[in-house]
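*Asks:* Based on the sequences and whatever the hints tell you, model everything.
Residue numbers (UniProt numbering), protein chains in the order written: chain F, 1 to 274; chain D, 1 to 274.
Hints were generated in silico from the structure; no laboratory data involved.
One or more hints might be untrue.
Which copy? The list can't say, so a pair holds if one copy fits it or any two copies do.
Claimed, not checked - Here are the simulated DSSO-like cross-link-like pairs (lysine-lysine), alpha carbons at most 30 Å apart as the crow flies: (1) 118 to 97; (2) 167 to 212; (3) 211 to 173; (4) 153 to 167; (5) 212 to 180; (6) 212 to 173; (7) 179 to 167; (8) 211 to 167; (9) 179 to 212.
Protein chains: 2
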Amino acid sequence: MAVFSSLTPVFVAVLCVIIGFLFKSSQRRETRSKQERSDQTARPWVDEDLQDDTEISSKHNEDDDDWLDTTEEENLPHIPYTPIQYSATEMLERSEKFYSLMNLRRSVRFVSPDPVPKQVIDNVIRTAGTAPSGAHTEPWTFVVVSDADVKHKIREIIEEEEEINYKQRMGDKWVHDLKKLRTNWVKEYLDVAPYLILVFKQTYGILPNSKKKTHYYNEISVSISCGILLAALQNVGLVTVTTTPLNCGPQLRSLLQRPANPATRKIPANEEGE
Amino acid sequence: MAVFSSLTPVFVAVLCVIIGFLFKSSQRRETRSKQERSDQTARPWVDEDLQDDTEISSKHNEDDDDWLDTTEEENLPHIPYTPIQYSATEMLERSEKFYSLMNLRRSVRFVSPDPVPKQVIDNVIRTAGTAPSGAHTEPWTFVVVSDADVKHKIREIIEEEEEINYKQRMGDKWVHDLKKLRTNWVKEYLDVAPYLILVFKQTYGILPNSKKKTHYYNEISVSISCGILLAALQNVGLVTVTTTPLNCGPQLRSLLQRPANPATRKIPANEEGE
Chain F
1 MAVFSSLTPV FVAVLCVIIG FLFKSSQRRE TRSKQERSDQ TARPWVDEDL QDDTEISSKH
61 NEDDDDWLDT TEEENLPHIP YTPIQYSATE MLERSEKFYS LMNLRRSVRF VSPDPVPKQV
121 IDNVIRTAGT APSGAHTEPW TFVVVSDADV KHKIREIIEE EEEINYKQRM GDKWVHDLKK
181 LRTNWVKEYL DVAPYLILVF KQTYGILPNS KKKTHYYNEI SVSISCGILL AALQNVGLVT
241 VTTTPLNCGP QLRSLLQRPA NPATRKIPAN EEGE
Chain D
1 MAVFSSLTPV FVAVLCVIIG FLFKSSQRRE TRSKQERSDQ TARPWVDEDL QDDTEISSKH
61 NEDDDDWLDT TEEENLPHIP YTPIQYSATE MLERSEKFYS LMNLRRSVRF VSPDPVPKQV
121 IDNVIRTAGT APSGAHTEPW TFVVVSDADV KHKIREIIEE EEEINYKQRM GDKWVHDLKK
181 LRTNWVKEYL DVAPYLILVF KQTYGILPNS KKKTHYYNEI SVSISCGILL AALQNVGLVT
241 VTTTPLNCGP QLRSLLQRPA NPATRKIPAN EEGE
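*Replies:* As structure tokens, this is what we get:
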């Protein structure tokens, strides 16, 4: 599997999972003064609204001749597989118990700052990494952030873009559809939660020979992985909220030092990716 | 939640999850005679290759003035939320146990025809339905197929399109990248597995007043839901293989009688959607 660990991926922010314990006291959000609605006219929402700048720009940089792959994994030996098998009664019991557990999950925007053991976070990310992916490319990167300054910078980036999303980019239709959820662009939980997990999709990888490696169905694969991540977090009793910070990809990638260029890649001590 | 159950969605095949017990005996695939490689020249894979016909055509039918939503859910009362909370030791134990369980999952293409209790399948689909989704639109439809004739028709549709994918549509690059996985377009497991779960994304919904309802981030939402589905299936000891049958959407939608038009929608007795 050495080929995967040596990949230098292109990062695009897909999802941000905010985790922690439920904050038990009541808490009021301090809304910012500039809350007047944009006077832009409503327009229908289209998929292209969600196209991230990073994704668009990365397509321009592709050199068609550079796509090539290795074949080193072609001749791996066969390893017999013996999964656990349960009786019909056990299956039924397990399916009911797991449903009850998952059905208790809610998206929670008021979280406690109480600390969470880092090893638990490591385990849930390992669990997410067991997800299937297109052609087994595993096109995901999980960045765990606990440092207060970095969390605050992430909040600033996301709130700035989200304010534009609410007031201009997404139109009145989107604002109207979200009204019943009572959300806005102020995301205090990004400061409060003990951990933010930023999930980046790798639209392609770079092989050791500098050739590009295609990541088929990378958005579907990363999202499946996030589903397993959410299940793993719910399983340990942590609350989460999953957000898709539109148009924040380039800035978050820069902040977290996950550039496409391997020569400048650095991983700060307080963050980990795998 | 009545507004959701009355939606008549647009269906696009995203994923097909094939489930069952592991087939323990060895079994050889009977390969078809027409296996000669396409002589088409290789070309780089692009995201557009994965664009489903249904998705493309559905965009042409959109009437911009039709986008409107209800506000009936705006004034729901607050319900206190009290999630389960574990000690640090318990969290660590639970995270390790769940990782061990999920890490045993493999994509399995040789499955046993042994029957699986339908109630277990119902429970895992309910579990998948607990996933978060963009603006809580829950833009997914799970179609469970166990009827032998319907399974075989699905196999015929998928194999026909997959043969084109392998020989023409996807190019030599894709065929080369899949070579190490030793897959081809012959998918006998579609006949053998006791259940196929076809997961359709709803690119938008129709409200009771015939207006369209926007489904934000529908592909990400459906894929997160599939991640939880796979976790639930692994949890009950069933093996799975997840496939993305490119370009099969329109035919599968027609076969399973999930058209966009509510007047002609029928659900055969042997299939269920929720």
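*Asks:* Next, verify each hint and record whether it holds.
*Replies:* Quick rundown of the hints versus the structure:
When the C-alpha separation of residue 118 and residue 97 is checked against a cutoff of 30 Å, the pair qualifies both within a copy, at 27 Å, and between copies, at 16 Å. For a Cα distance limit of 30 Å, the shortest separation of residue 167 from residue 212 across copies, 22 Å, qualifies, whereas the shortest one inside one copy, 38 Å, does not. In this assembly of identical chains, the alpha carbons of residue 211 and residue 173 lie at most 30 Å apart only when taken from different copies (13 Å versus 43 Å within one copy). In the homo-oligomer, the alpha carbons of residue 153 and residue 167 lie at most 30 Å apart inside one protomer (21 Å), although the nearest pairing across protomers, at 49 Å, exceeds that limit.
Taking CA atoms no more than 30 Å apart as the test, residue 212 paired with residue 180 passes between copies only; the shortest distance there is 17 Å, against 44 Å inside one copy. Taking the shortest alpha-carbon separations for residue 212 and residue 173, only the inter-copy value of 12 Å comes in at or below 30 Å, while the best intra-copy value is 40 Å. Taking identical chains as interchangeable, the C-alpha atoms of residue 179 and residue 167 lie at most 30 Å apart only when both belong to the same chain, with a minimum of 13 Å there against 48 Å between chains. For the homomeric pair residue 211 and residue 167, the shortest alpha-carbon distance between copies (24 Å) is at most 30 Å, but the shortest distance inside one copy (42 Å) is not.
In this assembly of identical chains, residue 179 and residue 212 lie within 30 Å of each other by CA distance solely across copies; the values are 17 Å between and 43 Å within a copy.
Of the numbered hints given earlier, the model fails none.
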